[in-house]
Amino acid sequence: MQRVVGDRYELVRPLGRGGMGEVWLGRDYRLDRDVAVKLLRPNTLPAGADVEALIHRFDREARLTAKLENPGVPAVYDTGQDEDDLYVVMQLIAGADLAEFQAEHEPVPVAWVAAIGAQIASVLAAAHAAGLVHRDLKPRNVMITDTGEVKVLDFGIAVLRDVDMTRITRTAETVGTPAYMAPEQAMHGQTSPSSDLYSLGCVLYELVTGRYVFDAHTALAMMHRHYNDTPEPVLSLRPDADPRLADLITRLLAKQPDHRPASANEVYDVLLPLIPPPRGGLIPMDPTRPFRDQLAAPRPPSGSASAVPVDMPTIPVVRPAAAPAGTMVTPAAAGPQVLLRDSAPRRIGESFLLAFGLLGVMTYVDDLVTGVPVPDVAFTFFVVSLPLFIGLWMRKRRLELRFLWSLGPFGKRVLGPRRTGLGEKILERVMLVIGGLCTAVYIGQMIGGTVNGNPFLYIDSPVRGAAICLAFLLPGLLMRQRRLGKPYPWVW
Numbered sequence: 001m002q003r004v005v006g007d008r009y010e011l012v013r014p015l016g017r018g019g020m021g022e023v024w025l026g027r028d029y030r031l032d033r034d035v036a037v038k039l040l041r042p043n044t045l046p047a048g049a050d051v052e053a054l055i056h057r058f059d060r061e062a063r064l065t066a067k068l069e070n071p072g073v074p075a076v077y078d079t080g081q082d083e084d085d086l087y088v089v090m091q092l093i094a095g096a097d098l099a100e101f102q103a104e105h106e107p108v109p110v111a112w113v114a115a116i117g118a119q120i121a122s123v124l125a126a127a128h129a130a131g132l133v134h135r136d137l138k139p140r141n142v143m144i145t146d147t148g149e150v151k152v153l154d155f156g157i158a159v160l161r162d163v164d165m166t167r168i169t170r171t172a173e174t175v176g177t178p179a180y181m182a183p184e185q186a187m188h189g190q191t192s193p194s195s196d197l198y199s200l201g202c203v204l205y206e207l208v209t210g211r212y213v214f215d216a217h218t219a220l221a222m223m224h225r226h227y228n229d230t231p232e233p234v235l236s237l238r239p240d241a242d243p244r245l246a247d248l249i250t251r252l253l254a255k256q257p258d259h260r261p262a263s264a265n266e267v268y269d270v271l272l273p274l275i276p277p278p279r280g281g282l283i284p285m286d287p288t289r290p291f292r293d294q295l296a297a298p299r300p301p302s303g304s305a306s307a308v309p310v311d312m313p314t315i316p317v318v319r320p321a322a323a324p325a326g327t328m329v330t331p332a333a334a335g336p337q338v339l340l341r342d343s344a345p346r347r348i349g350e351s352f353l354l355a356f357g358l359l360g361v362m363t364y365v366d367d368l369v370t371g372v373p374v375p376d377v378a379f380t381f382f383v384v385s386l387p388l389f390i391g392l393w394m395r396k397r398r399l400e401l402r403f404l405w406s407l408g409p410f411g412k413r414v415l416g417p418r419r420t421g422l423g424e425k426i427l428e429r430v431m432l433v434i435g436g437l438c439t440a441v442y443i444g445q446m447i448g449g450t451v452n453g454n455p456f457l458y459i460d461s462p463v464r465g466a467a468i469c470l471a472f473l474l475p476g477l478l479m480r481q482r483r484l485g486k487p488y489p490w491v492w
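Per the UniProt record's numbering, the sequence shown runs over residues 1 to 492.
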């Protein structure tokens, strides 16, 4: 039986785990909608942890996020306590984080980078106007929906910049991610709107160039490089980037806060002209799409950073003139075209490549073990293993795995469930059922043979039998892993 918190929210399955607790996919019985439920369990904290401080920080997170009413921030619906657990109920965001988005669309079109940066700047401007500093802006904390809207997550470690407010984090506690930390934040723990802009510069640099601003083997070395080293120029790594975007990123990555843009509003104003008028049909996850609609176009609040947030005005949208009747719109005029790495045909093709490749390799091994003549051993191995390597390579790119043989994301949080078509679900279940039945028969024959003194008495070829079982079972498990967002195929 699934747990229900607050007599209202059913916890369906976990979506991830972070420094502040667990995030679950939940179902709101009262309003009949899916939500995200964040739990903090004080009794599971490590010995010596300041429980009261963490509970206070969790409660403050809910109130700060609820205070920041902005389309680019997930809405907070409810908060409370259930048994010994604290919970916050938030809007469920369907989409991909920027790290995954970049892996699927690399190289990211420059116009898309500008649109993403403008939307993030709009959120930061609203947060800074409300007195909030994010302090941990990074690709994993930014999501993009199918409609191209950017959502900034995890304002839980934000700090009210009002000097009269109690600081959430202790003086000696470093909060943030070293690869995206401003020098003053990494070395002295000083955070401000300017440190958020430095983090934004790191994100934009990574989107444009496809690499970190700096790379290092340890967190301390990373912080040291941000404090002392100069990043490689954007244009040397991405010559087709707009010089205005490259100059803005250089300014955002300035070591001294005074040398960076004065505010997120200024960043937005620089990025907005770099977003071209939309042309052609809609593309999934196109971050320029929100700028097509005057009602949905993001815009930072006007005024200084200390002003009270106001209703965000819309921006004028430049619409292209209609093409003459009978004129064909060429693909080049339809805006940036991208190659999606996570389409349904590719996933199905990947599964069949893995299945037949695995079957071919294990059959090849079986022939060698049983003494069956194999003509041209090396060439035959290359031919039978090629589908397997192609399938593993496709899966590595799609899931951002560290190696071809990695079973799950290395050092990354679970990204959550993904949408899957009906055909894929049927194929997944068929492969799991057939693979499960084959495995049950195989194990049953081994048990029967063991009773009679030989485990393989009723099995003509043990390796080939195992290959047939895995050829159906393994792709089904991998498809299920992707659909449910599980960290490994065997996690049920």
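Just so you know, these hints were derived from the structure itself, not from any lab.
From the three backbone atoms N, C-alpha and C, an ideal C-beta is built for every residue, glycine too.
Some hints here could point you the wrong way.
[Stated by the list, open to error] Cβ pair distances, simulated, as ranges:
| id | residue 1 | residue 2 | range |
| --- | --- | --- | --- |
| 1 | 396 | 426 | 23 to 29 Å |
| 2 | 433 | 404 | 26 to 32 Å |
| 3 | 256 | 210 | 26 to 32 Å |
| 4 | 259 | 84 | 44 to 50 Å |
| 5 | 55 | 189 | 20 to 26 Å |
| 6 | 378 | 71 | 37 to 43 Å |
| 7 | 17 | 259 | 34 to 40 Å |
| 8 | 376 | 93 | 50 to 56 Å |
| 9 | 30 | 273 | 29 to 35 Å |
| 10 | 240 | 389 | 41 to 47 Å |
| 11 | 269 | 17 | 36 to 42 Å |
Structure-based check of all given hints:
Evaluation of the 23 to 29 Å hint for residue 396 and residue 426 yields a pass: the beta carbon distance comes to about 26 Å. Look at residue 433 against residue 404: about 28 Å separates their beta carbons, and that is inside 26 to 32 Å. The beta-carbon spacing between residue 256 and residue 210, approximately 27 Å, falls within the hinted interval of 26 to 32 Å. Separation of residue 259 from residue 84 is about 49 Å and conforms to the stated range, judged on CB atoms against 44 to 50 Å.
Separation of residue 55 from residue 189 is about 23 Å and conforms to the stated range, judged on CB atoms against 20 to 26 Å. Distance hint check: the CB atoms of residue 378 and residue 71 are about 59 Å apart, inconsistent with the given range 37 to 43 Å. Between residue 17 and residue 259 the beta carbons are some 38 Å apart, a value that agrees with the proposed interval 34 to 40 Å. Taking the beta carbon of each, residue 376 and residue 93 are about 54 Å apart, inside 50 to 56 Å as hinted.
Restraint check, residue 30 to residue 273: a C-beta distance of roughly 46 Å breaks the suggested window 29 to 35 Å. Range check, residue 240 to residue 389: about 32 Å between beta-carbon atoms, so the 41 to 47 Å window is missed. Checked against the hint of 36 to 42 Å, the C-beta distance between residue 269 and residue 17 comes to roughly 38 Å, which is consistent with it.
In the structure shown, a violation is registered for the earlier hints numbered 6, 9, 10, in ascending order.
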